[in-house]
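Q: So you can see what is in the structure, the chains are spelled out below.
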Amino acid sequence: MSESLGMLELARVFGWLHELLVDTGLGEPWVTIITYAVLAVVVFGVLAVLALFLVWWERKIAGHIQQRFGPMRNGWHGWYQTIMDGLKLLQKEDVIIATRDKPVFFWAPVICFVAAFLAYVVMPFGKDLIVADLNIGILYILAVTTFTVISLLMAGWASHNKYALLGGMRSAAQVVSYEVPMVVSILVIVLFVGSLSMQDIVTAQSGNIFNWFIFRVPFGPIAFATYIIAATAEANRTPFDIPEAEQELVAGFNIEYSGMKFAMFFLAEFINLFTVSAIAVTLFFGGWNGAILPSWLWFLLKTCGVVLLLMLFRWTYPRLRVDQLMRFSWKFLVPVTFANLIIGAIIKYAGWYW
Amino acid sequence: MAILKDIKELIRGLGITGKHLGRHAITIQYPEEKWTMPERSRGIVVLLSDKETGELNCTGCELCQRACPSAAIKIDAPRGEDKKKVLKEFVIDFGLCCFCGLCEESCNFCAIKMVPKYEFSDENKENLVWDIKKLQEMGLDVDYVDTRRKKKKPVDKAKPADKTSEKPAEATPSKEPNSSAGNNDQKKPEGDESSPDQKETRGEES
Amino acid sequence: MPDLRTQEYMVNMGPHHPSTHGVCRLILTMDGEKVVDIEPVIGYLHRSLEKVCENRTYAQCIPIMDRFEYVTSMSTNQVFSLAAERLAEIEVPERAEYLRVIMLELNRIASHLLFYGTTAMDCGALTPFLYGLRERELIIDLFEMTCGQRLTYNYIWVGGVSKDIPPEFEPKCREAIKIIGEKLDDYQGLLNENPIWLARMKDVGILDPDLAIAWGVSGPVLRASGVKYDLRKDDPYSIYDKFDFDIPTLEAGDNFDRYLLRIEEIKQSIRIIEQALDGLPEGPIRGKVKANFKPPEGEVYCRIENSRGEMGVYIRSDGSKKPLRVKMRGGSFNQLQVLPEIVRGKGYYIADLVAIFATLDIILPEVDR
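Chains as they are written, first to last, in our numbering: chain E, 1 to 354; chain R, 1 to 206; chain P, 1 to 369.
If we strip away everything but chain E, and leave its shape as in the complex, we get:
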């Protein structure tokens, strides 16, 4: 079955679905389209539910760091609090402000939401559990995660509000500045794997735990550190949450959004958080590699660990000022990542170890 599919790598469950569809005799393009449509819906569904639980988890972690409980009322320790919040937001009045750019205002949250999910096309959830193992895997992810900048700019501009505009401008500057260190950190890893494909990156770390890229001193830990800082900035989280700094700009670019549109921005933020953590796990922590437990469970656990780290960052550190943020990126992170790349390249081509 897998041989006849060629470039599609589907796990056994979807292989069964594919077989079923082939048996109905629909014809080739339809079978592929329906299979991919089902996959997309499943991945979207799983991720949407995951985002809801991530919101709940963030509130619980924040609560326990602050020695309080967090949500407790809706369900055991508030597990369906986010669902109730979503229902509440659905009932809110959808305020459309008096602006000339109503289509821009409308499409900004949609684009943000969609762009957040696009990265999961190439995410290796487990052994053979990937929607499409493109041979440009990581490059595709980097390209797609930049879409959110456009939506933030659209939101800031169309909101017809000085605070929102400031928020949008700042976020565009921030994301663009932190793309460079993120890309160069990833480049070091790609250098060692020799391929951009996500499954290849994961299989390059298989075998021993010390094959994971984070343990490959010296370039591994430095690449991880710079990647995690750049990823926090990409996800607009404290200490880099200038675009939505509540204390300064009263929620920045999403001031004027209410109801479901606000919910879309909010969920997209948490999907982004999960994306950057998943990429970190794939690149540095061995992806789905691991003994005894099934591979997708390892992936989930490791990603949740990185998410916990990012949440701890949020609730511990104060916020950087916008010029300090830029200075940190351009004057510190970029030279460090380039130096790391050179070190990595020298190690690889001299063949000393790794």
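FYI, nobody ran anything at the bench for these hints, they're computed from the structure.
As the structure is a prediction and not an experimental result, all values here were calculated from the model.
Do not take every clue at face value.
Simulated crosslink set (BS3-like; lysine-lysine; CA at most 27 Å straight-line) [said to hold, decoys possible]:
(1) P:K321 with R:K8
(2) R:K51 with E:K60
(3) P:K228 with R:K19
(4) E:K60 with P:K202
(5) P:K183 with R:K5
(6) P:K34 with E:K331
(7) R:K74 with P:K294
(8) P:K183 with R:K117
(9) P:K294 with R:K8
(10) P:K288 with E:K331
(11) P:K346 with E:K162
(12) R:K113 with P:K322
(13) P:K267 with R:K8
(14) R:K113 with P:K183
(15) E:K60 with R:K5
(16) R:K117 with P:K267
(17) P:K183 with R:K19
(18) P:K267 with R:K74
(19) P:K51 with P:K294
(20) R:K74 with P:K34
(21) E:K331 with P:K163
(22) P:K183 with P:K202
(23) P:K322 with R:K74
(24) P:K321 with R:K113
(25) R:K19 with P:K172
(26) P:K163 with R:K51
(27) P:K290 with P:K202
Derived list of chain E stretches under chain R, where covered just means 3 residues or more per stretch with a C-beta under 8 Å from a C-beta of chain R [stated by the list, open to error]:
(28) 59–67
(29) 273–282
Here a beta-carbon is modelled for each residue, glycine too, at the ideal position from N, C-alpha and C.
Given chain E's structure and the hints, the job is docking chains R and P onto it.
A: Showing chains R and P alone in chain E's frame:
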């Protein structure tokens, strides 16, 4: 190197917040668990009743009404034919009350007290105006130390026990009314200026 | 090639804002991201307390003064009682003085813990707020045990204090200040050496000492700029001359010094409280004050060192039960006035402005009364 020191400090910060993850929360889940309020806690104002007869201790002297800075207390106590004050109506508006406790401090007859009850919110502002029935009802389960002089005894020049148990070190003078000895002890002599020494620590408003 | 033409624009940091501590409107003139000028607009919290006091007797003025500056309510009670006592020449018994000092210093610690929490929150670190408030709860519980209220105490009356401390106060107080002393290390570990915090706070919002003196700034803001002036030592009131404590002073006058100074002041307050608890005498808690208290004719201005600076009350009496005129003076008013001076011409961002506003520790009820 400065960068290593910075990294060390950042990780130290993470350690401080991280160690709280293992600690139990210090908040309680209200309304399932309630905090025991200290006994001096200033909650609502209630009218106290005599422990045996069940009648209100209040004599209508209006000292509390004069002491209130927010004009939240309204008393209607006209004088009857035998020159005694008869308490007809006692209204406290909790929308105006600032919970300062000056009314309790000004009372000489253990009639009004601030108790640690705090669950009295309402959706209508009108329901926050409590009349004499409700004030008495809320005060029925309040335990208090009755420091009034007993009705049968003559005027006692010796120092009685302090009115409340919270002022052990204060040297209060005896509660000597300026009126003649034959009067009912519980009647407050009228007029503002006539009893400056009643309780030296009272605040009054003329 | 035409020159690039930019224009300054106005942003309204309006009365409703998460980080103006109270309802204060700031009209900012901005050039790009930088703040060029500020114009504060106040009056949103004006309750005409001074006029209200003219229709209340002296005993009833104490709860009104509570609301003048509700974060350090004991200080407002104290300054008014002190003024009335000076006017009528009432002597306060010693136990009452000791109790007053204990309550005042506990209130100072509570106010500085709140400052710590809100400043950190304004800069984005959301957790220290909860830590500061957790310790403040210990102090507020002590107050509730003594006088019954958690924010507006009505405790320090003309002539003494209103109620004596219950027997469980002293061990709980000692335990509370011990816990606070230990937790201060936690707080400082979270923030003091944090490079992000230092980048936000160091060399930002420098207040020149001459400027501070010219605008009448007092309290921790003045002492962080290098001027060693504390009313507890320079114009002693109550029994502060009996206690042994230092006045921390720092040189730079920037945000970080103002923040660090208040943490040091908490440590000094803990020292004072320990000495006061050790030396607490027995005795009455209220001096001889008549029920219808009528001070003689005259006027008095009395000032104390509040956690925000000099807090003063001017009372003019015409011999009757009610004061003829009460004027309240709070430290936050001067500090709000000096805020545009600090910011003008330096090219600060909004983030810096928020941090400066937070470290000046301005609270609006003192400004607006």
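Q: Go through the numbered hints given earlier and state which of them the structure violates, listing their numbers in rising order.
A: 1, 2, 3, 4, 8, 9, 10, 14, 15, 16, 18, 20, 21, 27 and 29
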